[in-house]
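Taken in sequence, the protein lines are chains A and B. Quick note on this note's numbering: the first sequence kicks off at 13 and runs consecutively. Quick note on this note's numbering: the second sequence kicks off at 2 and runs consecutively.
Just so you know, not all the hints are guaranteed correct.
Stated by the list, open to error - Under the rule of at most 20 angstroms between Cα atoms (straight-line distance), these lysine to aspartate or glutamate pairs were calculated in the EDC-like manner: (1) K93/B x E54/A; (2) K240/B x D153/B; (3) K108/B x E83/A; (4) K91/A x E86/B; (5) K108/B x E70/B.
These aren't lab readings, by the way, just hints derived from the structure by calculation.
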Amino acid sequence: MAGAAAWWSSCTANTDCESLQAVFDPASCPYLLRAPAKLLGEAVLPFPPALAEVTLGIGHGRRVILRSYQEEEADSTIKAMVTEMSIGQEDFQQLQAEEGVAITFCLKEFRGLLSFAESANLSLSIHFDAPGRPAIFAIKDSLLDGHFVLATLSEPTPNSQDLHFSEPCRPAPQRQAHSTPQPDDFASDDIDSYMIAMETTVGSESSRTLPSISLSPGLQPPCNSEGEEDEAEAELSTVPGTPPPKKFRSLFFGSILAPAHSPLGPSPVLAEDSEGEG
Amino acid sequence: MKFRAKIADAACLNHFTRVSCMVAKLARTCTLRIRPHALNFILADPAGGGVSMWCELPQENFFSEFQMEGVSEDNNAIYVELAAENLSRALKTAQNARALKVKLTNKHFPCLTVSIELVSVSSSSRMVTHDIPVKVIPRKLWRNLQEPTVPDADVSIYLPVLKTMKSVVEKMKNISNQLIIEANLNGDLNLKIESELVCVTTHFKDLGEVQVDIRKFLQFLAGQQVNPTRGVCNIVSHKMVHFDLLHEDVSLQYFIPALS
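So that you can see chain A by itself, here it is in the shape it has in the complex (with noise of 0.2 angstroms):
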């Protein structure tokens, strides 16, 4: 889109500020999930609008999850409820990730870039590493392809926040000694219940790693098809780990088209370029 081109350039040439690149590589990511947005549009619903983190993994008999995040204190009485959506590996058009793999991530940003590829009909692939590496959020259709990079709570001490999404199963604690186990459709969910383990309380802090972003001006990402032009601003954090780890880091647009064609079509001048170019 020579208009955007046009628009990032004039901005930086006036204000003399370098122009960000942020390196990150989704084909470095050994996992991916592909879905329509629609359909983990719909996964997220049932969390709470207030809720910030949720972690996205792979359970039993390889179905994907999705369950709410808590920080909980160390000392707080108050437990909240744990909400937890499960999807079957056939509504994906993609699930490359073994059992037991799991990323904590910013609920609210994930709903935001969820809406944005929902409304487009898209669908979002998911790049994801262990916990604690950048998860790559991707959409693409053929006039734009867009990376969301999130932090991921990177792993906690052991035995405390983890999630065994593959533990096995494990029988119910029966409280009274005569019950038996009935054959009804009841029978699995006891099991079903204890399989997998709730976080529990933890008093020490959580780590989180930021995406390490490497500014370089004027390199284009590795992973960029060609013809495409990226600029974007990427936010800085001068002390690695100490902003609100939770914000959003950069969002990056890039056209898919070389840049001597413009499209002529519905896409908007957001600005015209000050050269009067065409």
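We have chain A already, so just place chain B on it with the hints.
For chain B alone, kept in the frame of chain A given last:
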């Protein structure tokens, strides 16, 4: 202690959701009592001891499957305390449910687990699970949570349409915090407020009268989404007002003490 129940019918689910929303509008925490034939939502009056709301749901009108085992054979009941909003929120996510199961579980702490099987386009089912933390109420506290006896009223009167009363009382709330409810056996019901500037007195014979906190009355009215099948107001003069509503098969009693 064990509790498992299943709702398979959409109308039953909607009704149950409406009841839980009403309870959530009345208080932050409530007690759920589970017995073999009925569920009760109980609100204890924090100030005066005793019960301020008593709601009874006959179990067979809601659940297609229902199993419970109380604390002991002699005390075949379960009393748990929970945040009412958690339950109403969990039930509201079951709008397109094929089935809803609720059960008492222990996931590091006691929970009421609501499992919802959603209708899904594809062959695979989608499940939503809510684990609502609950506090088990020990047997020694049960005596404070028993069904209150219906008081000997001075006047009993059928209620007018609740929505109408609610809109009137909502406007009155801006003028005064104190509402006087008067009724006589001729079927006249007065809702009166008095302020320094305005004082309206109506003289009736043989009136039952009580003065209550208007906000409590409004809170009660605000929780009623649907007009009840039958609604009775019992006034014990200067002591309390007791509302006895019947919504299809759910009975609800609400008590507001008089302002001292």
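So which of the earlier hints does this model not fit?
Nothing - there is no hint that the structure violates, so all of them hold.
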